[in-house]
Structure formats: C-alpha cells, structure tokens
Amino acid sequence: MSPKRTLANNEEENIMRYDKSCYIDGQWVTPRGDAATAVVNPATEEEIASVRLGSTVEVESAVAAAKKAFAGYSQTSINERLAVLDRVMAAYQRRAGDLARGLTAEMGAPIGLAETAQVPAGLGQLATTRAALAEFPWEYARDTTRIVHEPIGVCGLITPWNWPLLLIFAKIAPALAAGCTVVLKPSEVTPLNAILVAEILDEAEVPAGVVNMIQGHGDPIGAAIASHPDVDMVSFTGSTAAGIRVAESAAPTVKRVCQELGGKSANIVLEDADIAAVVARDLAGVFANSGQSCNASARILIPQSQLELAERTAAGAVAATRVGDPTSPITQVGPVASQAQYDKVQRMITTAIKDGARVVAGGPGRPEGLERGYFVRPTVISDVSSEMEIAQEEIFGPVVTLHPYQDTEDAIRIANDTRYGLSGMVSSSDPEKARDVARRIRTGMVHLNGAPLAMDSPFGGYRHSGNGREYHAEGLREFLETKSIFGYED
720 MSPKRTLANN EEENIMRYDK SCYIDGQWVT PRGDAATAVV NPATEEEIAS VRLGSTVEVE
780 SAVAAAKKAF AGYSQTSINE RLAVLDRVMA AYQRRAGDLA RGLTAEMGAP IGLAETAQVP
840 AGLGQLATTR AALAEFPWEY ARDTTRIVHE PIGVCGLITP WNWPLLLIFA KIAPALAAGC
900 TVVLKPSEVT PLNAILVAEI LDEAEVPAGV VNMIQGHGDP IGAAIASHPD VDMVSFTGST
960 AAGIRVAESA APTVKRVCQE LGGKSANIVL EDADIAAVVA RDLAGVFANS GQSCNASARI
1020 LIPQSQLELA ERTAAGAVAA TRVGDPTSPI TQVGPVASQA QYDKVQRMIT TAIKDGARVV
1080 AGGPGRPEGL ERGYFVRPTV ISDVSSEMEI AQEEIFGPVV TLHPYQDTED AIRIANDTRY
1140 GLSGMVSSSD PEKARDVARR IRTGMVHLNG APLAMDSPFG GYRHSGNGRE YHAEGLREFL
1200 ETKSIFGYED
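For the sequence shown, the working numbering begins at 720 and goes up steadily by one.
The set of hints was computed from the structure by calculation and includes no laboratory data.
Note that the structure is a prediction, hence the values are computed from the model and not measured.
For every residue, glycine included, the Cβ atom is placed at its ideal position computed from N, Cα and C.
Don't take every hint at face value.
To be verified - Capping the alpha-carbon separation at 25 Å, the derived lysine-lysine pairs in PhoX-like fashion look like this: (1) 1063 - 1073; (2) 1202 - 1152; (3) 786 - 739; (4) 786 - 1073; (5) 787 - 1073.
As the list claims (entries may be wrong) - Quick list of simulated restraints, FRET-style, between CB atoms: (6) 1028 - 1106: 23 to 29 Å; (7) 1046 - 926: 46 to 52 Å; (8) 1204 - 854: 21 to 27 Å.
Work out the full structure, taking the sequences as your base and the hints as a guide.
This is the structure in structure tokens:
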C-alpha cells in the first residue's frame, strides 16, 4: 500500500503533495496538523514535493501501536524474524531503482554513488544483521545461572539525511531481529526516502504496528519520542548538539540512549608512506557524498617535509574531480543537501582563510559553470592548526584540511586534539608501525592503508562522537536486555 500522492495546484508545477505521510499501525495516516515541509532538489533549487508533517498526536498513536504490537512480536521465534528480514530484503531489492533515483532528487547524491554505495549500504545492513541474528547466543549457562537476552521493547529511532538508507536500516534491521517494535522519525530533509522505506516494509508484510513512521522535525517529534514513557530505548544518529538534546529529553524516563554523533576524524600519513598516492586516494574518499559523511577523515596529517608534495597532489586531484549534475553517471561530486548546509560550508571556508590557512585548491563559491544549486567547490586548505575552527568543527562538505606535523608523536597529539572520536586513518609502508599508531588514536574505528569499512564490524565512537555501537552483533546487542535466571538446572 502507498500513501496518497496528488499534484499541488496544477500539473505544470509538478509538485507532488504527500498528505498521508505517516505510517502507523500498518496504515498511511494524514497528520492532524497543517504543517508541511518542502522537498527541494539541491541540484536545481526547485521544490519537487510537499510532505505533511506529523504532530505529537501521531507520536501518541504510533507509540501505542508499537506497544501493542510488542506483546506479540517479541515472542516470535528466531526463524520467524529471519523470515521477516528475508522479505524486507527481497522488497528492498525490487525497489532499488526507485530508491537510487529518490536519493539523487532529494539529497543530490550522484546517481553512480546512489546505485553503487547508498542503496547497497541499506541492503548490507539487512544482510549483516540477518547473519548476526542467525548465530547470536540468545541463551547460555554459567554454572546454575541461565543468562537470557530479550528484546528491550518499544524503540524510538531518529535518523539523519546524509546516508538515509544505511542509517535507517542500521537501526530498523537490528530492532526487527531483536524482537522490538519501532517508532521512526526520519530526517525532514529526506522524507520521500522514508516513505519508500515504509512502502518496502509494508510490501514485506512486516506485522502492523511493528514499524511506525512519523514525519517531522526534531522539535516537537524527536523530543516527544525521546521523552515518551512508553518508549524503552532511543537510537539517534545526528549532530552532537542534537544528540545532547535527545539525551536530556530521555533522561527523566531512564531509558537507554544509543548515539552515533559527529566526527572530526584524522588521517595520519606517516613519512614512509607513498604520500602522493595516499593523498589522491583519500581525497576521493572524503569528496564522495559531497563530504557529507560523519566518519570522513577530512583532517589529513602530513609530515612537514612532505607538505609541498601533498599540496601539489591535492591540487591535481581537485582539478580532475568532476562536479555537477547528479543525474549524470560521470559525476563524482554533486551538491550538498540544502541551502543551510551550503551556507555553513561557505562560512567555514571563509573563516579558515581569515584565520590564516591557505587555500590550495577550490575555495569559496560555486564551481565554475554552476550558477544554480547547492554546489560547493571541492576545496583543500593547508597550514591548518588545531586552534582553528575548521580543525575542530565538523564541516560536512567536500573540504579537506592539511595539517603539517614534526614527528609521529606530534601527529598522534594533533589527531587526538579534538573532542570527537569517531574514526581515523593511518597509512604507512610498515604494517606494524601503522597498527601501533592506530592503537594510540582515541577513536572508535581506524582504517589502515585505505582499508574500507566492514559492515560486519562495530561502528561507533568515543567521547562526543557518541556511545554504543551499530552493525552486526554489536548493533543487535544494543536492542536487547540481559536477564539472569538463578538456580536454573537442566
């Protein structure tokens, strides 16, 4: 079943209106309020849809539906939950083309990235969670005690816009696997993507009330979910500032809060590495998704003696980067997702220049020939020191900073000189040296010599980058309670 879609005003405007925008208890619901959000194509700055926003009335209905459904769904067998995940994966694969095109229109992801990374990432979460569910130790004995894992209950899931499929299914998949029920608040920036997700879950015949979705802003919808006494857990991905507000809202009800927050990850290029090859490789990694990845290692730390080579390499890599129409298969970098994001990135570049940093490539403004759309010039800024704002605050744009260091101890000091601790990178021709440095970086993840992210490994950070872990068994465990039954004898 799909929500009702109508053309706004007249067909020439071609703006789709989604009034039945909330999915509650297996039905599409028209919210009580009149508030709506305009969905703007970031490549054209044109409104393409209008989505009605939910209210606290819909939150109450969704939580009630999830609480009612929990009684039955929490008692389903492992095989029944495996079957649910199988049906969701099948429905997801059938809608892969719609999902990719939607991401391109809604958040500006280049179609190649959408098809080869964004869409597969959501499917990857379902597949790895299924594998974790099949092998998870649900019960085990310790002497005469039986230790049992049980679903935590009704889960509030609050997700951002930058990798919407990955991040929605990094939460929905383990919740379904654990036997929990869900109230999802997706980002208001990508509401059409969330509608497709709900359609997929409906097509997969996930039982009514097990997954519910409310469209809306963090305030009031996210706050209402986080503070609701019948919500047993909140899983949040987003900015650190928003994560703090979620935790504050949740605190009076003493519910579990799992957070994946911001990052300012360092990329240490050791002196014995192939500096040119590493810089070219890792710039492409940061520029992918227009730099809008929380784990992007956008602080590249370079030996002072090799800084000039790194700058030349970076300038050449930027010149070869194809920026433009995200519907073109050859585009590597599309627009950032919104006007607000464009304005933030421009301000941070300008401030860095005022602070004394040097622009090696790119700089303020749009790329040449792109007068419309939220396009940012891929930018490399050098001579950045730790006290500068651009070294401490998440940019979320196609911007890389180069930080010269004196020796390995200095590099480790610079890498750890941040309140964040999500990810990082180390490159060296000596694997043992790279591993040693990796162990000394205060961060939840480290990539050695360009190794890719592995979805069967825990994802999460230290300090202001959050708490808890997602992906595979560690992600599943976040949705479980642990019970000890004493005197349990066979």
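Do the hints match the structure? See the list:
Only pairs whose Cα atoms come within 25 Å are accepted, and residue 1063 paired with residue 1073 is accepted, the gap being roughly 15 Å. For the hint linking residue 1202 to residue 1152, the alpha-carbon distance of about 43 Å lies beyond 25 Å, and the restraint is violated. Taking the CA atoms of residue 786 and residue 739, the gap is near 22 Å; set against the 25 Å cutoff, the hint holds. The suggested pairing of residue 786 with residue 1073 is violated, with an alpha-carbon distance near 54 Å, which exceeds 25 Å.
Taking the CA atoms of residue 787 and residue 1073, the gap is near 57 Å; set against the 25 Å cutoff, the hint is violated. Under the hint 23 to 29 Å, the C-beta atoms of residue 1028 and residue 1106, about 25 Å apart, fit the expected range. A beta carbon spacing of about 37 Å between residue 1046 and residue 926 contradicts the range 46 to 52 Å that was offered as a hint. For residue 1204 and residue 854, the Cβ-Cβ distance of about 22 Å falls inside the hinted range of 21 to 27 Å, so the restraint holds.
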